[in-house]
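Novice: Each chain, written out:
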Amino acid sequence: MDAKKIKNYLSNNAIVILLFLLVLFVGFTQKGFFSWNNFNNIASNTAPRFIIALGVSGCLITKGTDLSAGRLVGLGGVLACTLLQRADYTDKFFENLPQLNILLVFVIVILVTGLFGLVNGLVVSYLKVPPFLATLGLQTIVYGINLVYSGADPVGGLRKDYTAIASGSWFDIGDFKLKWLLIIAIVMGLVFWFLYNKTRHGKYMYAIGGNENAAEVSGVNTTATKVRIYTLAGVMYGFAGFLLAAKSGGASVNLGLGYELEAIAACTIGGVSTTGGIGKVQGILLGVLVFELMKTSLQYLGVDTSYQFIAQGLVIIVAVALDIRKYTAKK
Amino acid sequence: MSDYILEMKNISKSFPGVKALDNVSLNIRPGTVHALMGENGAGKSTLMKCLFGIYNKDGGEVYFNGEKVDIKNTHDALGRGIAMVQQEQQPILDRSIAENIFCGRFPTKNFGPIKIIDHTRMYAETEALLKEVNMNFNPKMKLSELSVSNMQSVEIAKAVSVNAKVVIMDEPTSSLTENEVEGLFDIINRLRSNGVSIIYISHKMEEILKISDEVTIMRDGTYVGTWPSSELTTDLIIKRMVGRELTNRFPPRENIPGEVVLKVENFTSISPKSFKDVSFELKKGEILGIGGLVGAQRTELMEAIFGVRHTISGTVTYKNEILKIKRPRDAIKRGIALLTEDRRATGIFGVLSISDNVGVASLSKYLDFGFVLNNRKLDALVNENIRKMSIKTPSTKTQIQSLSGGNQQKVIIGRWLANDPDILILDEPTRGIDVGAKYEIYTIITDLAKQGKSIIMISSEMPELLGMSDRVMVMCEGKVTGILDSTEATQEKVMALATKYM
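The listed protein sequences correspond, in order, to chains V and P. Residues in the first sequence are numbered from 1 upward in steps of one, following this note's numbering. Residues in the second sequence are numbered from 1 upward in steps of one, following this note's numbering.
No lab work stands behind these hints, which were simulated from the structure alone. Small disclaimer: the values here were computed from a predicted structure and weren't measured. What you were told as hints is all true, and nothing was included just to trick you.
Straight-line C-alpha distance at most 20 Å; calculated DMTMM-like pairs for lysine to aspartate or glutamate:
no., chain 1, residue 1, chain 2, residue 2
1, P, Lys142, P, Glu127
2, P, Lys263, P, Glu300
3, P, Lys493, P, Asp470
4, P, Lys276, P, Glu300
5, P, Lys365, V, Glu216
6, P, Lys319, P, Asp420
7, P, Lys500, P, Asp485
8, P, Lys326, V, Glu212
9, P, Lys263, P, Asp422
10, V, Lys198, P, Asp379
11, P, Lys324, V, Glu216
12, P, Lys500, P, Glu477
13, P, Lys326, V, Glu216
14, V, Lys198, P, Asp368
15, P, Lys142, P, Glu99
16, P, Lys333, V, Glu216
17, V, Lys247, V, Asp172
18, P, Lys500, P, Glu206
19, V, Lys280, V, Asp323
20, P, Lys479, P, Glu178
21, P, Lys500, P, Asp235
For reference, chain V alone in the conformation it holds in the complex (with noise of 0.2 Å):
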């Protein structure tokens, strides 16, 4: 019975597991692998995927998806580098833009996102659209959006103070760093928690995940609430957009490409159930951390970027394999 245990514990948290063993072994036979800096690299690296996991999280636990995730970090990120460029940037994208305030470039890149969030969420709600059609309908059309919008150049020349939210940090002790992107993430985290344990929003969520007929039979407005998710769901890209330029000095199309990939990835390594009703915003982190500490770790033993492609995707697959394999057994 307790071997029994023991094994099931094993195979549930396999991937975990391995990963662990991974940096273990990683860090007592690399130099610099258990170091500050490489902390705070990590940290970084995870941030804003983290925020645009939990984004994607609430439309996989109702059963759904969004592929738009990756172009709209794009289209956030690509807007945001427009408004906040140097004055004396010599190839600026709106020539005679006054300095903006950063906080009302912000609103604007989310409301932007969140806004196509919101059309996700109408075509997926009324229009019943499944929504891994949907999103990929609007994927395309934010990459065109964003084409149009760019003129498909890059977009550079960022104002100190915009790229300091992703260099900068609150203080540094020594060589660790608290970053205020490591903040930034953390609070994110926080708020999608108490989202999703302390109020209606989250419940129905739950609800609509778990039995979506039962929910609506209960009185749950499974329309609006999934309007909701998809809505949040695109600020979180934006946002993420957002913090991604800043952290690597500009924005092309191509930022965030496949992003939402990674994110679903993450979501249901960190126990997403693909069945839908179940996820917890520390299982989403753990996700999330999987990735990007087994992408650390590869660099750090020296493998080629390419064959680390070929291990996430083997990653994702047994990592799904093992959460179907959960509930098929017990049927």
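With chain V fixed as given, assemble chain P onto it according to the hints.
Specialist: Below, chain P without anything else, positioned relative to chain V:
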């Protein structure tokens, strides 16, 4: 050599908590139509599923053609010449008639080293089969282009194509018009004259008396008897179907029905096959039972009142005000609750905790500052429910899917009670629940009525309907055929009303 093509002897079958079949026997003569009758839940379909290999019987023997057989699955049954035309057909709508008939055993021919489907032969054979069932259709036609009755004929043709000696038809006329029924009878007569035996399950008395040679009646999973149809009348069949004594299985009713609170007038479904022109009244503190056979549209009617389904005409008046209900949440706001028939499909949130399952319909009551859920308040309510209704569960965090059916049902009743509704609609509240839990649910229902709540209870179990209701409204084919007072309601009267248009 025996007189029978098929003998089923002492068949038993249990499901968790229920004995569905108890020593049932059925003997079928070759080339006859044998009707199988009984109330809902009498075990007819279960018996047929045991024969057809969908269920494995727990005990008993089956002899086919004088030889003892053990049918393990449907493939096995078909191979031996036993075919079934199901109550719920499952055709592949987007494929052709021929493919539907030959799916899974396509005729093949050699194409070099590989085998490919022999379409010429398949279409030719399909055409011949269709002639057998009086259909002149192109075998290449898609199933979706056919009417329901023609789809059924295709199913029968499929049965013929395996050279079936016994064809089971489970409620074959439930979705057919009168003319289509005539067509079906022609086919049945032709099959019979070719030596095929037909087991015919139906609730429709006149049909049975017209088409069948013999009738076997079942009741509560037991065998009542077999008679030649010529010796039976509608009254005799009803008497033998319901002939059981009502024992004291229900708590005493102390509710006193008061003034009329809900009035439903001329309610007509948007679907032409569903309920029509239904009117009734519900009193304060009353238990109104809704009786009828499967397919009488009782569930559809109640779901329409609750806003799950749509109507084209009619009104619901609640305390002298006409309600506009478009979605369930509109009904809930007005103090109406609906315990749905299919607990798994529209009741429970399987993966969620008991707390979440109870709280989902009344979350607005446990808020701090207008938006923060106070889980302690919710848990207090859940714990009160667990105590009051003696729900057996390790904790409030347990996933509801790990509870028994009866406990799940109590959790969902708790969900609705948390809203303090004035009207509770209960659709088959004790379906799939063991006897002990049934009594507890009956007690909850009578207590609620005593508190002045109005209750509508759909039930397909005659004793429950008569034992619990102040009045019984009976429906047949989407229409109300009568409303009986509990003092005058008897099983025979209810059954007669439930089969009025059949």
